[in-house]
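A.B. asks: The primary structure of each chain is shown beneath.
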Amino acid sequence: MAVTNPKMFEQLWRWFMDLPHCKVLGIEYVGAEEGVVELRLPYSEGIVGNPETGVVHGGAVTTLIDTTSGTCIYTLLQEAEAVATLDLRIDYLRPAIPGEDIVCRAECYRLTDQIAFTRAVAYQREREVAHGVGTFMRTKAGNGA
Amino acid sequence: MTHEEMKHCWETARASGDYHALMQAIPYARTIGMTMEEVDGQLRFTLPFRQSNIGNVLLPALHGGVIGGFLENVAIFTLLASHETRSVPKVVDFSIDYLRSGRPQDLSGRCEIVRQGKRVANVQLMAWQDDPDKPIASARAHFLLA
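Here the protein sequences line up with chains A and B, keeping their order.
If you count the first sequence from 1, position 83 lands on 83 in UniProt numbering, and the numbers rise without skipping.
If you count the second sequence from 1, position 31 lands on 31 in UniProt numbering, and the numbers rise without skipping.
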């Protein structure tokens, strides 16, 4: 199924990918469908957490999962609005393989008037690296938090 | 960087109380620009404001992922400092609550080791800006120690 409002969604994902911190980590848009978004975190020296092994830092994975989870909510919206992360829980299943990109697939599996519930998997090919579960507060324009 | 070089970097930092070279040795810590210092025997962690940590240009606000990554490092270095030498703790799970948006200014962080066993540690983390009583995020996490 296609996203709810393709024109708005495209503006939104471009806006997300343009955010200073997404750019510094090199996060890229992969694709979307109704309720689901995929983003990619290319391997780079600047995201390494362990200089002995070259393994990517959990913080970079956290940013990838947070960004993908936030973005997937917009595939279900008719109009743009602000969403704020309430909480995010991440399980680090195994270290990411150095030198390989990490892709995150996030799904908004329940959307209410006020809250969006998301789940995400970060993986390298068939190998799951991390799971993330989040809740987001919807903030309709002019409504306040 | 080899294990021996990293160990030397850590031991030099501990002995001198100057953690600048250690932070520079860890690419992600360098990317977000975090600092670590020892003041009156206490570790102090700061994420000085920089534009590249912005995750919302409208508010503007720090990226939630940066706040999480910063706190994860606060935990790692607090755990490392609580023992003489050992390998870098590995994060098992990390759960963060965002309480306020992170304004475009410096961020401070602290870590309380709630329970440290032989193999695993449970930590509680807090991030704030002007007022430690008004945290912008709190987190809890588990780390494998061996």
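No lab work stands behind these hints, which were simulated from the structure alone.
Keep in mind that this is a model prediction, so the values were computed, not measured.
Do not take every clue at face value.
Here are the simulated lysine-lysine pairs, DSSO-like style, with alpha carbons at most 30 Å apart [said to hold, decoys possible]:
{"no.": "1", "chain 1": "B", "residue 1": "K134", "chain 2": "A", "residue 2": "K140"}
{"no.": "2", "chain 1": "A", "residue 1": "K23", "chain 2": "B", "residue 2": "K118"}
{"no.": "3", "chain 1": "A", "residue 1": "K23", "chain 2": "A", "residue 2": "K7"}
{"no.": "4", "chain 1": "B", "residue 1": "K90", "chain 2": "B", "residue 2": "K118"}
{"no.": "5", "chain 1": "B", "residue 1": "K134", "chain 2": "B", "residue 2": "K90"}
{"no.": "6", "chain 1": "A", "residue 1": "K7", "chain 2": "A", "residue 2": "K140"}
So these bits of chain A aren't anywhere near chain B, every CB distance computed over 12 Å [what the hints assert, rightly or not]:
{"no.": "7", "residue": "A2"}
{"no.": "8", "residue": "F16"}
{"no.": "9", "residue": "V61"}
{"no.": "10", "residue": "E79"}
Don't be surprised by glycine CBs; every beta carbon is placed ideally from N, CA and C.
A.B. asks: All hints are to be evaluated individually against the structure, with a verdict given for each.
C.D. replies: So, going through the hints one by one against the coordinates:
no.	hint	in the structure
1	B:K134 to A:K140	holds (25 Å)
2	A:K23 to B:K118	violated (39 Å)
3	A:K23 to A:K7	holds (22 Å)
4	B:K90 to B:K118	holds (14 Å)
5	B:K134 to B:K90	holds (29 Å)
6	A:K7 to A:K140	holds (19 Å)
7	A2	holds (27 Å)
8	F16	violated (9 Å)
9	V61	violated (9 Å)
10	E79	holds (16 Å)
In summary, the structure is inconsistent with hints 2, 8 and 9 from the numbered list given earlier, while agreeing with the others.
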